[in-house]
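Asks: For reference, the chains in residue letters:
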Amino acid sequence: MRWGMVIDLTKCTRCHGCVAACRVEHFLPLWVTWVKLAAYETEERGAADITTFPVRCNQCADAPCVDVCPTGATSQRKDGIVTIDANKCIGCRYCVIACPYQNRTFIFSWRDPGYFPGYPKTRYEKKGEELYPHQKGTTTKCNFCVEKIDYGLANGLTPGIDRDATPACVNTCQARALTFGDIDDPNSNVSRLIARKNAFQLQRVLGTDPSIYYIDGEVGGKDNKAPEHAMTGIHIQQKSTVDPRSKRLIEEGRKEEE
Amino acid sequence: MGERKVIYSTCKSCHGGCGVKVTVEDGVPIHIEGNPDSLTRGTMCSKGLSSIQHIDNPFRLKYPMKRVGEKGEGKWKRISWDEALDTIAEKIKESQEKYGKESVAVSQGTGRGYNRYIHRLARSLGTANVISPGYVCHSPRLGLYGLVTGYGRLYCDYHGWGGEFPKTNIMWAKQLEISSADSEMCNWFIQSLDYCKNLIIIDPRASAYATRATLWLQPRPGSDCALAMGMMNVIFNEELWDKEFVENWTYGFEELRERVKEWTPEKTEEVTWIPKEKIIEAARLWAIDTPGTIQVGSSLERQANCGHTLRAITCLMGLTGNIERPGSMCSWVLPDTGLIEDFFLELPLTEEMRSKIVGVDKYKMGAARTCNPDTMVKTILGGGEAPIHVWISVGGQQIVHMANTKEVAEAIEKIDFLVQVDQFMGPMAEAADMVLPAAHWLEIDDVYDMHPRFFISAHNKVVDPPGEAKADAWIFNEIGKRVVPEHWFDNMEEMLDYQVRKGHDGNMNWKEFSEKIVNGCWGQDQIYYKYKTDYWRKGGGFPTATGKFEFYSKRLEELGYDPLPVFREPGESPYRTPELFKEYPVVMSSGFRQPFYFLGQYRNIPWLRSFMEYPMCQMHPETAAKYGISDGDWIWIETPRGRIRQKCRTFPGILRGMLMATANWFYPEEPANNYHGLFISNPNVLTNNNHLDPMYGSPDLTCLLCRVRKCTEEELQENVFQTEEFGTVQKTVDDLD
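In the order they appear, the protein sequences are chains A and B. When the first sequence is numbered by our numbering, its final residue is 249 and no position is left out of the sequence of numbers. When the second sequence is numbered by our numbering, its final residue is 1011 and no position is left out of the sequence of numbers.
Hints are computed from structural coordinates only; laboratory data are not their basis. The reader is advised that the hints may include incorrect statements.
Computed list of lysine to aspartate or glutamate pairs in DMTMM-like fashion (alpha-carbon distance at most 25 Å, straight line) [as the list claims (entries may be wrong)]:
(1) A/K238 with B/E615
(2) A/K118 with B/D738
(3) B/K900 with A/D207
(4) A/K117 with B/E277
(5) B/K471 with A/D207
(6) A/K112 with B/D300
(7) B/K295 with A/D155
(8) B/K349 with B/E681
(9) B/K552 with A/E32
(10) B/K365 with B/E760
(11) A/K79 with A/E35
(12) B/K776 with B/E620
(13) A/K230 with B/E681
(14) B/K550 with B/E532
(15) B/K367 with B/E347
On a predicted model such as this, the values are computed, not experimentally measured, just so you know.
Build the full structure now, drawing on both the sequences and the hints.
Replies: Next up, the structure:
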């Protein structure tokens, strides 16, 4: 089992929802962000290419950050997730330098003035210190919402399918550009996407074997027939009601159509 | 772990509508995410999610306050709600007696679920002078759709209920993918793209999907009407129109055909700067690959030819039969709670009230129900009798979004009594005589209803508002009760019950609805092809005078307008004002919107401000290089009205020869004495309020001319900002106490 993510560059709208959902989920200090959006904007022979690359810790199979950590604070779980034990971290920042993707952030003590500098911490911030503490002077990064994954597995849920076992960024994405699942299982949602859509890893040449894959393509070119599951609100259809004034007209309308 | 509970509500961080699930521990919200059992299936954007930080912002207004210093001096004194409301009621009555009922104005910002309260308050007070940004956002669309089809609300059917999604999706000057403003919800549109054959983006700058779309047209700002005419020309020439629909259900086909004859692809290319091959291709895709939808953006309504632009686009829909067909432009059957606007429509707008609307004689479409704000500004500055003496402003900041900021600020300072209802001290509040603290959507119980109209949903209170802040609806009711009690309610619950009373065959109440969260009509309960049934008219047809979809409008003719669409150049353009173009050689638009801000909002929410600290404008690298500007430079943008500075971001995805500036920018962290930095970077310092749309009175906010230059080293050393770091100096209300 190896958790991974597929990111569809065709769909990402640069809305920053994933960044915000991650901050909410982990009570991140103001200038710390686990998810970043990298803008790629070029023009070749008159044709512009405007792309957004959502980036976060790649949970590399061969992770340089694990190798350089002198205390074992950074380690890799059997399911591929690279975690940091803040109690073991001595703040040497070797890992920050070693990560070729620059996906690690050091929590400077002087850079944590609270959400509103010069004002008392907010209720939400204080709750965060209690529920999800971040230790100043240590390194931090995306952990694929490992707590949710563990909670889900312990409760018979499937990460990537069941919401409560799936990373917050995946759940919130309005474009559904993110897919999460087990890349070791050839039949999983992610493996099928990777196989079908010519997926690639960022800077594969670095040889770290990231668990995050990207797919790209064109918008459009699809059949416009609507399958029932895709219809708006169909999953909560029983809540639907019709204005009695319209009911009669609707009935008449249906007869007419038939 | 403390006691936890989960509360479901509805987001209102843009126009809103997304289902929300909030976890509260010991009374503190500790988590927010989308509600999976909602119409938006558990998704949310950065604006809505950051609400959890927003509500605890120490700069929130907590108490009613009255001004004790000069306007813009930032000196305030806390007062009680009773004193505030009694004073307002007194001022209203005084003004009504002295200057007439029309001298009282009620205003709003963009529609945030309080429109119906605004209009009810105005109507109950006997005034139709509602100051609304509608004339530059959404109203022209509704008015013109209404004129052509007989009903004002045409939506893009991204829902699949009729078995089909749009085969051709047109996004016209709109980024529906980043907010649910104006019409349908963002994630419905995105989902429909999974079933779309052609996506056509019409936008001078690349929005998220532009470079991957089937077709991307980059029109010169302000030339959109010409593009629509050019597309119709192709459809006529190649006989691509929907024969059955046009034959049976339209009026004025031949006249329209005659009108667009001159708009050959060649001429259209010359005017719009779009290669003619692309225009032809777009017309063909739109006409052949039906059904299709056109999502219109409000940038088109921020232009002084907006009436005809919208009319031309609506004709494009009719010509191809993209009306009331599954996957095309539709109107929706209402839920059993009925039309939410009945809440104010039940109070009549009398002829007497209508005749006193500011601008009514000139802007016969726009000023038929609401005041023309630019005319108001000009009248006040003209030195004549001021049309407005008491102004109750809720949520919006006219001082920021209206054209020609300097004139607007000067006029607003002259208002006898201005009340601002807001969450923060912004520029509009600093110009007010009294400010009232408003609650956030996480802090209120209310009925949510914005544009889609096929559902309403509940805002359920999650936490208490800070200090004595109150829901907008409560404030309206309290003001109303003090002046015209016969039209208002004893308490909030009664008012909420009243709004949902028609549900469940007349048995619904607020409590039941708030538990149910959503009340709507969708799926199999929606109907298509209403014009073929008795829905609008016995025997079929549209609810227009002719019973047809009207390409040719007699109603417009009666009002003195051209009955057919016609293109006019913007007030300032390379072709209309060639002399000015020599001096101001860059075409400018203030249409640049970021997904994490909404209009003038959220620059004081740290999570969101971290995404873009300073206002950016975009120029093509080649255009920028021509003026010695590189990526990241602070630049001056100048027009005959003044100059502002923004940071330049060179962007290959934008039309050459133009500049796209971020709109509505002020600096909340800046102090009161410069209206929170209102004149530093707001592009409305540059816009022109002399040239307005004849139908709607809309100014050219997204098409004008400017010149640019890089800020010099000396200028960069100047003390532009009084605040060093965002969020550190501004005084909170607590400090004022």
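Asks: A separate judgement is required for each hint: does it hold in the structure or not?
Replies: Against the structure, the hints come out as follows:
1. Simply put, A/K238 and B/E615 have alpha-carbon atoms about 20 Å apart, close enough for the 25 Å limit, and the pair holds.
2. For the given pair, A/K118 sits about 17 Å from B/D738 by alpha-carbon distance, which is consistent with the 25 Å threshold.
3. Pair hint B/K900 plus A/D207 does not hold up; C-alpha atoms about 34 Å apart against a cutoff of 25 Å.
4. The hinted pair formed by A/K117 and B/E277 meets the criterion: a straight-line CA distance of about 16 Å does not exceed 25 Å.
5. With a C-alpha separation of about 17 Å, the suggested pair B/K471 and A/D207 falls inside the 25 Å cut-off, and the hint holds.
6. Distance hint between A/K112 and B/D300 is fulfilled; the C-alpha atoms sit about 17 Å from each other, no more than 25 Å.
7. For the hint pairing B/K295 with A/D155, the CA-to-CA distance comes to about 13 Å; that is within 25 Å, so the pair holds.
8. A distance of roughly 23 Å separates the Cα atoms of B/K349 and B/E681; the hinted pair therefore holds under the 25 Å criterion.
9. Of the pairs offered as hints, the one joining B/K552 and A/E32 holds, with about 23 Å between alpha carbons and a cut-off of 25 Å not exceeded.
10. Only pairs whose Cα atoms come within 25 Å are accepted, and B/K365 paired with B/E760 is accepted, the gap being roughly 19 Å.
11. Restraint check for A/K79 and A/E35: the C-alpha separation of about 48 Å exceeds 25 Å, so the hint is violated.
12. With a C-alpha separation of about 14 Å, the suggested pairing of B/K776 with B/E620 holds against the 25 Å cut-off.
13. Distance check on the hinted pair: A/K230 and B/E681 sit about 50 Å apart at the alpha-carbon level, beyond 25 Å; violated.
14. Restraint check for B/K550 and B/E532: the C-alpha separation of about 20 Å stays at or below 25 Å, so the hint holds.
15. A hinted pair counts as satisfied when its Cα atoms are at most 25 Å apart, and B/K367 with B/E347 does not qualify at roughly 28 Å.
Hint compliance for this structure: hints 3, 11, 13 and 15 are not met, and every other hint is.
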